[in-house]
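J.: Got chain E; can you put chain Z on it based on the hints?
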Amino acid sequence: MRSTKQEDQRLTRLRAADRISAPEIIQALLPTLVRQRGDRLLGQAPALTAGFGRTTDGLGLAVLGIDRGHDLASRQQKNGGALTVAGYRTALRVVNHAQKFGLPVISLINMPGADASPESERWGQSQAIADLIMAMGQLTVPNVAVFLGEGHSGGALAFANANRILMLDDALFNVASPEAVAAILHGQQSVSAAIDLLPMTAPELQQRGLVDQVVAHTDDQLVTKVIQAVRTQLAPLMPVSAAQLIAEREAKFQRFVAAWPLEKSE
Amino acid sequence: MSHYPKSGTWQTCRACGRHVHQSQWGQWRQCPYCQHWQRLTARQRLTQLVDPASFQPLPMPEQAHDALAFPGYQEKLTTASHQSGADEAIIIGTAKIAKRPCVLAVMDSHFMMGTLNTVVSRRLQRACAVAQRRRLPLIVVTASGGARMQEGLYALFGMNLILAAVARLAAAAVPLITVLTDPTMGGVSASFAFKGDVIVAEAGAKIGFAGPRVIQQTMPAQLPADFQSAEQLWRHGMVDAVVARPDLRAYLQTVLASYAMGGNADAID
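Protein sequence lines correspond, in order, to chains E and Z.
The working numbering puts the first sequence at residues 1 to 266.
The working numbering puts the second sequence at residues 267 to 535.
For reference, chain E alone in the conformation it holds in the complex (with noise of 0.2 Å):
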């Protein structure tokens, strides 16, 4: 396949202004959201919607929401969702908070791969997401990814490393971006093409058993169908002991891993 100058229209439907937010998911969850904003040392980053509340059921949650922004204004000032540092550090601030006061943390993604910039490099961006990684993969509390857009590389990861991940039908989570993982082939396949060359749609990756539940973007309740999915994989993670979580976490990965063959081939 020859690329097209074309934006793959599945990019296009998960990086248009009407996809559906995590802002959008957070005001019906937690509607008297307690907001968490900057890091207390760098600053704030507009992209991250965090903080924690109750659902209306009653529920303590605490909420890590990327979003991309929905107009140009709001893209501008949100860095079309490229975390900057004091995002990744906020999050990790929410998080350790969410761990003191025992409330399970969901993260809801849609992002863009790294912030390339001489000043998140000048303030540790490798280092702002090892912390996070690592902080959410010993996380004491259960947490929950939901991908409802794209989100690819160690960004994604750092919000993504959860003992349940759920993944809207159209989403993608990869190592790289389409658009990276074409540059690799230097142009001898397109950007949608890129697409189908590593697992990182949301039926291949249940299949795989990395996803636990996929949600239809059709579906004409969404924000009601997303949080009723985050309830259902929560549920059963809620009487589980601390040690218990974290090792299951890894073990998430762990199995899904352990699929790649590595004993030598003759």
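Just so you know, not all the hints are guaranteed correct.
Residues from chain Z that face chain E, not an exhaustive set, calculated with beta carbons under 8 Å [as the list claims (entries may be wrong)]:
(1) Q329
(2) H331
(3) A333
(4) F336
(5) A421
(6) F423
(7) G453
Hints listed in this document are in silico derivations from the structure and should not be mistaken for laboratory results.
Even glycine gets a Cβ: it sits at the ideal position worked out from N, Cα and C.
T.: Here is chain Z on its own, set in the frame of chain E:
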């Protein structure tokens, strides 16, 4: 040695482009014209760092597979192994530095730019586990362009799985010392590289998350020459020390001595 050109004894310096004779690179592999440090293979690095004949490899049965049939990957693996003489981008083992035992993992940028894949991930997890059981400090010498895209999420999850092993190491109060060499980027810098209890960068190394070319595309101004350099990171407080190659062994010796871990290099797992 496989890192020399097949045909002769001359190599082009990556930094200044001059042709340098094998004998001119010297023991530390430094360009005599521009003082650029040539990237080392894992074997060369070992020779420079550890006591002679002290390196004992840990089991490394894993071998890379092109399990997703990604275009060109199998060819790349074959070429990498022919050109580098290594079977993957990392070696792990136990060793002694000035008689002090440690577990050592050395990445090799000559094998697919040292990218983190399922094999590298599994070996690093083993190195962590052995260091924890034997109560030996773990030294990881990084040299990597990031996660290996050809293995998709299977490679990406090396980041969180290695960090889980690093968390156990930390809980057991076994020190992790990371030595960041050229290059240390992406999925390696954003996981274990910056989780060292002590982080030392080799002089001249490029270290960062996003690649400089990608960053340059997003901005009109020219990036400074020392952008993402070990020296810049040190000035910004991101690493504990910048150490020139000939002094690295002595530096690690001091760090190991300062932890004064007993440990048992010969313990059976």
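J.: For every hint, state whether the structure bears it out.
T.: Checked hints:
For Z:Q329, the suggested interface contact is upheld, since its CB lies about 5 Å from the closest CB of chain E, less than 8 Å. Among the interface hints, the one on Z:H331 holds; its C-beta lies about 5 Å from the nearest C-beta in chain E, closer than the 8 Å criterion. Contact between Z:A333 and chain E, as hinted, is supported at the beta carbon level, the nearest pair being about 5 Å apart and thus within 8 Å. The beta carbon of Z:F336 comes within 6 Å of a beta carbon in chain E, closer than 8 Å, and the hint placing it at the interface holds.
The closest approach between the C-beta of Z:A421 and any C-beta of chain E is roughly 6 Å, which is under the 8 Å cut-off, so the hint is satisfied. Taken as an interface hint, Z:F423 checks out: its beta carbon lies about 5 Å from the nearest beta carbon of chain E, inside 8 Å. With a least beta-carbon distance of about 5 Å to chain E, the hint placing Z:G453 at the interface is held under the 8 Å criterion.
In this structure, every one of the numbered hints holds.
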